[in-house]
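Starting from the given sequences, assemble the full structure and let the hints guide the process.
There are 2 protein chains.
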Amino acid sequence: MTRVFTDTVLAADIAEGLARVKTLFESQLTSPFPAVNDLCRHVERYRGKMLRPTLVLVSGLAFTRETESLRSEHSIIAATVEMIHMATLVHDDVLDDAQVRRRGETVNFLRGNEAAVMLGDYLISNAFHLCSRAHDPALNLRLGEVTNTLCEGELVQLSRRHDLSLDENTYFEIVRRKTAVLVGASCELGAQLAGASTEDVVAMRQFGEHLGVAFQIQDDLLDLLGDEATVGKSILRDLEKGKLTLPMILHIARTHGAPRARALEAIEAKDSVALRDALTASGSIDAARAKAVAIVEEAKRGLPQTQRSHARELLLELADRIVARDA
Amino acid sequence: MTRVFTDTVLAADIAEGLARVKTLFESQLTSPFPAVNDLCRHVERYRGKMLRPTLVLVSGLAFTRETESLRSEHSIIAATVEMIHMATLVHDDVLDDAQVRRRGETVNFLRGNEAAVMLGDYLISNAFHLCSRAHDPALNLRLGEVTNTLCEGELVQLSRRHDLSLDENTYFEIVRRKTAVLVGASCELGAQLAGASTEDVVAMRQFGEHLGVAFQIQDDLLDLLGDEATVGKSILRDLEKGKLTLPMILHIARTHGAPRARALEAIEAKDSVALRDALTASGSIDAARAKAVAIVEEAKRGLPQTQRSHARELLLELADRIVARDA
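Chains A and B are the protein sequences, given in the same order. Everything in the first sequence is counted per my numbering, starting at 1 for the first residue and increasing by one. Everything in the second sequence is counted per my numbering, starting at 1 for the first residue and increasing by one.
Take the hints with a grain of salt, since some may be wrong.
The list makes no distinction among identical chains, and a pair is therefore deemed to hold if it is satisfied within one copy or across any two copies.
What the hints assert, rightly or not - Below, a list of computed lysine to any residue pairs in the SDA-like style, where the Cα atoms sit at most 25 Å apart:
#, residue 1, residue 2
1, K243, F33
2, K241, G283
3, K241, P34
4, K300, T23
5, K49, E297
6, K241, D97
7, K241, S309
8, K241, R176
It is worth saying that the hints were derived from the structure and are not from the lab.
Rendered as structure tokens:
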């Protein structure tokens with residue numbers, strides 16, 4: 001798969017595209033008020049993998065002739081999806097009472113929940129304003145639909161916190177809404193703006209949604225198995241806050257009596273070693289990991305043929321990286 | 001001014017318009033998840049005066065011939081501005097740790113801050129989605145600008161909490177952003193959608209912004225002087241949370257030594273009687289009230305001539321009611 005990076009034209013196209021996205025992101029969030037700018041500069045430190053904007057650009061390039069360039073709307077949508085994502089991170093940290101994100105302190109920890117709530121609102125508002133700058137009502141409508149669904153997923157998840165009866169189906173329903181729709185829309189809109197056929201646009205959305213679900217399962221595994229210094233945020237946070245993760249849901253479904261109780265006690269005691277042992281013994285960790293890999297394979301199988309084959313290969317590689325990452 | 005209500009055609013137009021707005025508002029917030037719907041039905045109880053949608057409709061009617069009707073976009077924008085307003089109420093209650101709103105318990109008090117944060121996000125997202133249903137990119141762009149400004153105002157206000165050096169100019173800068181721009185946009189867009197001239201659209205925005213500022217000063221006065229049962233929310237809340245209100249800013253500017261200290265001690269002790277006495281003695285309450293009345297008069301003087309004169313008279317009456325209200 002290293003072959004992809006020997007396509008220097010593609011690599012340059014992506015690097016240029018991401019640079020434009022960063023510029024757009026920063027200029028959109030420039031305010032006359034230092035108090036506002038300070039908070040925005042803090043949030044920009046959260047920007048890590050830039051997975052969603054990368055998917056917009058690569059999905060766009062996949063359906064663009066090598067002699068042609070991406071449209072300016074690609075940059076707008078790429079920066080918009082990243083800004084929506086940032087808003088969810090800022091508000092998620094309030095919901096989770098999180099102190100650390102990307103090895104730095106969270107806005108809520110540094111400046112209080114009030115500032116974090118309002119900063120998240122400012123990011124959501126700017127995301128919609130930025131998207132409107134594309135002057136295409138269909139984009140606004142689609143992204144509004146996506147964020148409606150995303151918030152619904154968060155609200156349903158909240159209503160089921162500490163609910164041990166949460167089953168696998170409901171878990172996937174929540175994750176599809178909370179995480180997968182935005183990743184799906186990134187691939188979908190990237191391809192659509194490049195003029196892909198309706199059929200390919202739908203296939204790209206499905207590809208992205210599968211990636212989003214696999215991404216969430218990998219996050220669940222990192223919450224359990226990750227090294228705090230590498231992941232850059234607190235471990236066991238999801239479980240402590242009563243969010244059932246896939247390994248835990250599988251463990252509850254597979255065990256009764258003492259083994260189930262041991263895992264719940266380990267969460268209570270914040271004993272990550274005991275929890276890992278319990279979930280390893282029940283095979284729940286392996287089963288969750290296998291599920292994530294299977295979903296990535298399904299995504300790759302469904303990836304349509306594209307105009308530019310190296311971009312397609314990069315999409316396949318990005319899919320693999322989702323379940324290989326340790327941060 | 002009772003003459004307005006003898007214009008039964010106008011009254012019927014407004015009542016019909018508001019009924020359409022309510023229907024649109026409720027249908028937009030219908031989710032397949034009971035957990036989401038429960039929260040939305042709770043928020044609909046906050047809907048009180050419907051000032052902003054009323055201003056959209058009346059501003060629209062003012063520039064519409066009596067033989068013609070409002071456009072469907074008027075209902076969309078009216079419901080959108082109300083939804084944006086509801087989102088700010090829900091998040092403001094989180095910021096203010098408020099327990100009571102419109103004589104009912106707040107979402108944060110009933111369901112926790114997490115649910116209130118996410119419900120507010122759901123309302124913002126749905127507001128933008130609803131607005132996109134008008135398929136007019138200029139509307140999205142304008143409302144995105146409005147909510148960016150609104151959030152900036154909130155962030156600046158937050159950064160100045162408990163800051164006794166906050167002066168009148170900064171207060172008005174915050175209030176213009178936090179409260180007035182949305183009211184201004186309601187009048188502006190109502191008129192614009194009805195085909196008013198650019199000059200009249202600008203004048204309508206200014207009219208609305210003045211109303212918004214006067215509205216906030218009246219809110220400040222009610223926080224100090226209001227009867228809890230009538231206002232329907234906690235009194236002295238703003239001051240307790242370190243938000244300087246106009247009467248308090250004027251008092252700080254007018255007093256030194258003991259009279260200033262007495263007011264600050266009264267806030268600390270939640271002694272509303274002592275606080276009223278101190279601010280009455282310094283003339284700060286009368287001065288704030290006079291300011292609100294002067295701003296309403298300025299608004300009324302700037303109101304342009306319109307197509308339908310009874311609608312214009314109603315706008316003048318709505319302006320007067322802003323400073324006459326006790327809830």
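Evaluation of the provided hints:
1. Taking CA atoms no more than 25 Å apart as the test, K243 paired with F33 passes between copies only; the shortest distance there is 18 Å, against 37 Å inside one copy.
2. Taking the closest pair of Cα atoms, K241 and G283 come within 25 Å of each other only inside a single copy of the chain (23 Å); across copies the shortest separation is 51 Å, beyond that limit.
3. In this assembly of identical chains, K241 and P34 lie within 25 Å of each other by CA distance solely across copies; the values are 22 Å between and 34 Å within a copy.
4. In the homo-oligomer, the alpha carbons of K300 and T23 never lie at most 25 Å apart, since the shortest distance is 32 Å inside one protomer and 44 Å across protomers.
5. For a Cα distance limit of 25 Å, the shortest separation of K49 from E297 inside one copy, 21 Å, qualifies, whereas the shortest one across copies, 55 Å, does not.
6. Taking the closest pair of Cα atoms, K241 and D97 come within 25 Å of each other both inside a single copy (9 Å) and across two copies (21 Å).
7. Taking CA atoms no more than 25 Å apart as the test, K241 paired with S309 passes in neither setting, with 44 Å inside one copy and 59 Å between copies.
8. For a Cα distance limit of 25 Å, the shortest separation of K241 from R176 inside one copy, 20 Å, qualifies, whereas the shortest one across copies, 39 Å, does not.
Going down the numbered hints, you'll see the structure goes against 4, 7, while the others check out.
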